[in-house]
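Mind docking chain B with the ligands on chain Y? Use the hints.
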Amino acid sequence: MSKVIEVNNVSFSYGSEPIFSKVGFSVYKGDFVAIIGANGAGKSTLLKLLLGELAPTSGSIHLLNQDIHHFKDWPKIGYVPQNGFSANVNFPATAEEIVKANLFSQIGFLRFPKKEHMEKTKHSLELVDMAAYSNRLIGNLSGGQQQRVLLARVLVNDPEVMLLDEPTTGIDAAAVQSLYQLLTRLNRETGLTIVMVTHDIGRASSYVSKTLCLEEGSLVKLDRDQINDELSHKHKHPMKNRLQQIQGGEDNHGDF
Amino acid sequence: MAIFEYDFMRRAFIVGILLAIIIPCIGIIVVLKRLSMIGDALSHTSLAGVAAGLIMGINPILGAIAACIAAALGIEAIRKRIPKYSEMSIAIIMSAGVGLAGVLSGFVKNAANFNSFLFGSIVAISDFEMILVACISCAVILAFILLYKELFYIALDERSARLAGIPVKTVNFIFTILTAVTVSVAARTVGALIISSLMVVPVACAMEFGKSYKQTVLYSICFAVFFTVVGLFLAYYARLKPGGTIVLIGVFCLVLILFAKKIMAKILLTMNKL
Ligand SMILES: Nc1ncnc2c1ncn2[C@@H]1O[C@H](COP(=O)(O)OP(=O)(O)O)[C@@H](O)[C@H]1O
Ligand SMILES: [Mg+2]
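Protein chains in written order, with our numbering: chain Y, 11 to 266; chain B, 247 to 520.
With the rest of the complex left out, here is chain B:
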């Protein structure tokens, strides 16, 4: 296929698929902990890191990673103080991140470079970025497999997890760091403004079909890979922005699934009546 003759498209597919594997792994835990908006808060804060990186002349991705880790730890710290309304911690950090990004972006000379972080630029990935994504993906996959039962139990019921002997604090800390790192590299590729949908939409689709936690995890990954591959093809042939295309396909599929389920239920109901 012509599309794979271009080096930048091959890279886009490699990076896109790797991210499509790790983002739902993070996403499912985030959704089940009822922290769906965490992706938004972190990715917006990562923009502050990007701006800081561009101003100080260091790699903006490294800036994003540092800002994200700080934001994620901030969210965990606030969440512990107001456990009943933990979503508030996300809103607080997000506002701080957006504010900081807004102020710092005023000092960035090359606005085009900054804008590429808003909607991502998966077709303009450097060697360094590709290696970074590969390393981070390996780390996230490994951690997700090794911490599979721990993350599951903490998401289900944090108190019982602690009573069962799980080192809840340590696991939460590792997960927070992984989330931050994943969000910051994903921000560069699919874009800071859409990373949150990529965390949530595949999980939402999978939850419509999953008959167990394990299935839900696997389906989430399948959906995310599917959205990414279809999105990249479509973006290439229709000359659309890839990040936005991927997310729109996901949302379209979710709506379709919910709609189809409703119709199926109606059909079954009428068939039972006959």
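So here's chain Y without its partners, still in its complex pose:
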């Protein structure tokens, strides 16, 4: 199976404050991965490394089998930022305008959208059940609906992988449930690879195919029992003392 993301021995620090040391993992086509960890563990930082916004101090990152330094195909890496539109809820734009904007690489610089681009936009909003709201201003949608528009914005480019940063913060329980169902459907039906940062391990764990936990600078893979422990807060020590560490991009696929 083809590797979508490969992280090898990656270390990173903000100035002198180390965030991870020698982290490694791989994500394969069709995976649905949850990355969990406490506030400030470095989850968002990890995503920024995957987006090339920050550079690791050592180690390598490959996206779609290309070294991130030479990687150009960013529209294939769909990114849904933390807090979505919260800073921008009164932006005067409709769901449709927001989704269409992400078709830039297909429309081209200084060119105008054509009928096919309109159709792609419509299709993408249909995928997330938001077609009925395409002409609504983003500020007039609920938190859960805004989150779906953000998903549609990414989906419109047929991405290979979708990276989500805490997609469930600030939306109500029912909306979280239906968001997870939607992600599961996209993952199963279209084979979309999903990497989701969350600290809602309880609900997420029943949907995802693999759970990685970021703690004290290293990344460990959790199995069923460990997730249950984690849920019941049985452990007292940092998890990494009790868990087998995954380092150096060791191939862990198919362990489940």
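Note that these hints are calculated values from the structure, not bench results. Note that the structure is a prediction, hence the values are computed from the model and not measured. For every residue, glycine included, the Cβ atom is placed at its ideal position computed from N, Cα and C. There may be inaccurate statements among the hints.
[What the hints assert, rightly or not] Covered stretches of chain Y, as calculated for chain B (at least 3 residues, CB under 8 Å):
{"#": "1", "region": "87-94"}
{"#": "2", "region": "98-105"}
{"#": "3", "region": "116-128"}
For chain B with the ligands alone, coordinates are given in the frame of chain Y:
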């Protein structure tokens, strides 16, 4: 109408309407990027260019354009270094511009000429200025149409715009230059002290009605043209200063709109209760 028999009034209308079309195009992006005060910073700095132009004997508008471009690039450069508090970059450049304008104005011999830049002199426009405004307007309109989706996405979410493949730096650079050029010609006509309100007020009005980005852009332009035309008429018949009149009409309309919306909401609420 008698008002159009005067050549200077015809020019005032042509230049005023052209500016009313381009200023909100710049204004909407500026407002959505949360840089509303950029117009103020640039127009104040343009005064330094005006003073420098008057001292050195070159056309003050060209001086203003040069100063504005320098200031706009300065703002972008500082903004990149302190992204979280980007408004600070505006305050820094504005203080520098005002300081420089203050010092340089002490050396200007013809104070009346300098003062005409503070509040504008749309009724005293030369051929050169009219042609300049026409050329700049064409350039801004063309750029705004061609860069429509790019500017929209960058204003919405700069990071995602970059991931989508938009050449964010290039587009920001072009936009910065257009802003600077627009502000400096507008400073001459409506006045440096009020240009910022013309960037923001029509957009604020339009945002109360716009049901999409596109509508908001179109409404902003309509509001700005409306304020300008009414303002020029009023200024002519009531013998007021045109620049200030245009802005005051805009602010008056905005207050009216906000007030009317509140009352409408109350009425709807009580009607629902009945
Ligand atoms: N730009 C930055 N400069 C310095 N430190 C940062 C920066 N961004 C985040 N940090 C620090 O890095 C750590 C990890 O942050 P983050 O990746 O946002 O955590 P998470 O998303 O897991 O909550 C935190 O301790 C945070 O204070
Ligand atoms: Mg985070």
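Going through the hints against the structure:
1. 87-94: Contact hint for the region 87-94 of chain Y vs chain B: holds, 3 residues under 8 Å.
2. 98-105: Held - the region 98-105 of chain Y has 6 residues with a Cβ nearer than 8 Å to chain B, which meets the minimum of three.
3. 116-128: n = 5 at 8 Å, threshold three: holds.
Checked against the numbered hints listed earlier, the structure breaks none of them; every hint is satisfied.
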